[in-house]
Amino acid sequence: MASALLQIQDLKVEYHTEDGIVTAVDNLSLDLNKGETLGLVGETGAGKTTSALAVMRLVPAPPGKVISGRVLFDGQDLSTLKAEEMRLIRGNRISMIFQDPMTSLNPVMTVGRQIEEAVELHQKMDNKTAKARAGEMLKLVGIPAARAADYPHEFSGGMRQRVGIAMALSCNPELLIADEPTTALDVTIQAQVLELMKRLRTEFGTSMIIITHDLGIVAEACDKVAIMYAGAVVEYGTVESVFNRPLHPYTRGLFGSIPNIAEDVERLTPIPGLMPDPTDLPYGCRFHPRCPMAREICSTQTPAISTPEDGRTVACMIYEGLVPGYDTEEKA
Amino acid sequence: METLLEVRGLKKYFPTKGGLLQAVGGVDFSVKKGETLGIVGESGCGKSTTGRAVCRLVEPTAGEVIFEGEDILAYPKSKMREFRKHMQFIFQDPFASLDPRMSISDIIAEPFDIFRMYKSEREERVLELMRVVGLSRKLVNSFPHELDGGRRQRVGVARALALDPKFIVCDEPVSALDVSIQAQILNLIQDLQDKLGLTYIFISHDLSVVKHISDRVAVMYLGKIVEITDSKTIFQQPEHPYTQALLSAIPIPRYGEKRERIILEGDVPSPIDPPPGCIFASRCKHVMPKCREKAPALTETASGHSTACYLVHDVSEEEE
Ligand SMILES: Nc1ncnc2c1ncn2[C@@H]1O[C@H](COP(=O)(O)OP(=O)(O)OP(=O)(O)O)[C@@H](O)[C@H]1O
Ligand SMILES: Nc1ncnc2c1ncn2[C@@H]1O[C@H](COP(=O)(O)OP(=O)(O)OP(=O)(O)O)[C@@H](O)[C@H]1O
Ligand SMILES: [Mg+2]
Ligand SMILES: [Mg+2]
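Residue numbers (the numbering used here), protein chains in the order written: chain V, 1 to 332; chain F, 1001 to 1320.
No lab work stands behind these hints: they were computed from the structure. Virtual Cβ for every residue (Gly too), placed ideally from N, Cα, C. Incorrect hints may have been included.
[What the hints assert, rightly or not] Computed footprint of chain V on chain F, listed as stretches where at least three residues anywhere in the stretch have a Cβ under 8 Å from a Cβ of chain V:
| hint | segment |
| --- | --- |
| 1 | 1013–1022 |
| 2 | 1036–1046 |
| 3 | 1061–1072 |
| 4 | 1143–1154 |
| 5 | 1167–1176 |
| 6 | 1267–1274 |
| 7 | 1297–1304 |
[Stated by the list, open to error] Facing chain F, a subset of chain V residues (Cβ under 8 Å, in silico):
| hint | residue |
| --- | --- |
| 8 | A149 |
| 9 | P152 |
| 10 | A191 |
| 11 | G216 |
| 12 | E240 |
| 13 | G325 |
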């Protein structure tokens, strides 16, 4: 598509560990248009963070290794850039909110100084303006500006996360990758942060990838959603279509395991079983050992990507007509 | 039901560069045997510090923590060390809370260090604990970074259970996990309570999780409890304006459905030198002049339902 800002094509990333080779991302392809927000959802270990790190060229190597695939940003293949050029893109044109806030925080520098450094470096501001900007950013994420003089260990878990957000947003990036940005935040502050991100979109046309396990956030903040399982995208589409008509049995399972404020359930119904051993992924469809719909063929053949509707993809043999599906009424 | 834990006037102040920071500004609550008390509230309002102060992981500045009739804050260090086995803590962050250089078995067995124990007995106990929390025994010699978040949190649960505690503070044990793993860990925590008769304080900012797991819920704001009642009532008849705003902000995991959201305006006051009067006044849309003068007391408004707000009663902290 002409207006794609980011294109990930057939990405494969492995970690070479003592216990064997972990295929963290396998055959991942995704497009993100300018101004669009994509939610990337999936169980722990699905490869969400690794995919994001691969876009930033920050996969820790060793043990990590990008085996194949390309990442195009604004039409440019990022793997061809020199390390110095890539550094300029990071934090300027693409910025990332890290899952573990301590990754981006320096424990021996005050919180305010760290935000100042980020804006000074990338936006060539003098120190006085940077200081004011840092205070303003803190306030935007709900932290009194006076606390700029404190160190990260004097902040609560959620406050550290908000400092990471303030830092990533302070330089108005073209692409923002937010890895579980609000896991430690209560809903009022989360709403404030989502609002802030929305403003970034309308004011600067920022494109975003929000990695999250919270389907409520996806419904609220995203246009598109990609569901990942064991290294690959199993379902993709607009939020409307995926939420109203989840197709993949894994996606359906995800919706079933959310505690719901409106209903009283004694026990949650998690998807049975655990993520497969990443060094020894099952053959065929990777979800088949946990899939209530699985048939013999699912363990012998890899599902192709079907396009049941325009702009909608799913990797499940039900939609290739190879496996009996859900009741037609339910599917409709 | 018997009361297991009673907390009175608990305060924790931290000295910081900007002045004395009132992380916990005086809270009172009790937890009955076998019960789960949920604590919710804004990020930075003092939930973790409250949990830590109750277990004396940080020394409280003032107050009483009465456990089975005895004030454990009065215990000397030696007695506290012995007592500690009854109270355990599961940490917020499964990424940071496990020592990366220790194997899973060493982490789980660490609490045994203060006791003399044969090596074989120790190994047996570790495997038993791993079985209880649903960890495969294959993982016994693995290291934390080799496990995903859900398994890491199971290790945290196993370690907390090692000394057969009566009471556990769970500090956001599932916040960093995705929904399906969350459900597994929540079910595990509930099953353990039924089986072992455990009592919990369950800290979370996720209201649907708290509703699911708690018998009663305390809502905190800037170091104070503003409302406390059973978990059904807090969701159906919230009284405090902060609780109402909090409930209205929950995103719904369905397309196109939005709640009428109460947006909180105004700045969060600093916990250094908090303003006199009600701590929520600067952001409350119902604010009245007296709210800025004297703080409302946490007062029972219906059986088992207490709120600190002049909209529902007329008792200030001074009069109380
Ligand atoms: N540094 C590393 N060394 C070895 N294996 C790793 C490393 N980082 C990630 N992995 C493995 O790669 C796989 C994908 O991990 P990744 O962190 O990308 O998943 P994720 O979807 O972000 O999960 P989560 O929801 O827990 O953050 C997992 O099996 C993980 O154990
Ligand atoms: N060691 C410390 N030194 C100074 N201030 C601290 C320290 N620990 C916590 N604080 C401050 O105490 C207040 C309460 O922090 P606490 O960690 O209890 O919040 P919380 O409710 O658990 O928040 P979150 O939901 O973000 O985890 C915050 O303002 C925090 O900055
Ligand atoms: Mg991740
Ligand atoms: Mg906390």
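Results for each hint:
Counting residues of the segment 1013–1022 of chain F whose CB lies closer than 8 Å to any CB of chain V gives 5, which reaches the minimum of 3, so the coverage claim holds. Counting residues of the segment 1036–1046 of chain F whose beta-carbon sits less than 8 Å from any beta-carbon of chain V gives 5, enough to reach three: the coverage restraint holds. Under the rule that three or more residues need a Cβ within less than 8 Å of chain V, the assignment of the segment 1061–1072 of chain F is violated, with 0 such residues. For the segment 1143–1154 of chain F, the proposed coverage by chain V is satisfied: 4 residues have a C-beta within less than 8 Å of a C-beta in that chain, meeting the threshold of three.
Residue count for the segment 1167–1176 of chain F with a Cβ under 8 Å from a Cβ of chain V: 3. That meets the three needed, and the coverage hint holds. As drawn, the segment 1267–1274 of chain F meets chain V at 5 residues by the rule of a beta-carbon pair under 8 Å; at three or more, the given contact holds. Three residues within the 8 Å Cβ limit are the bar, and the segment 1297–1304 of chain F against chain V gives 0, so the coverage statement is violated. Checking A149 (chain V) against chain F: minimum C-beta separation of about 5 Å stays under 8 Å; hint holds.
Contact between P152 (chain V) and chain F, as hinted, is not supported at the beta carbon level, the nearest pair being about 12 Å apart and thus beyond 8 Å. Taken as an interface hint, A191 (chain V) checks out: its beta carbon lies about 5 Å from the nearest beta carbon of chain F, inside 8 Å. The criterion of a C-beta within 8 Å of any C-beta in chain F is met by G216 (chain V), whose closest approach is roughly 3 Å, and the hint holds. The closest approach between the C-beta of E240 (chain V) and any C-beta of chain F is roughly 5 Å, which is under the 8 Å cut-off, so the hint is satisfied.
Nearest Cβ of chain F to the Cβ of G325 (chain V): about 22 Å, over the 8 Å cut. The hint is violated.
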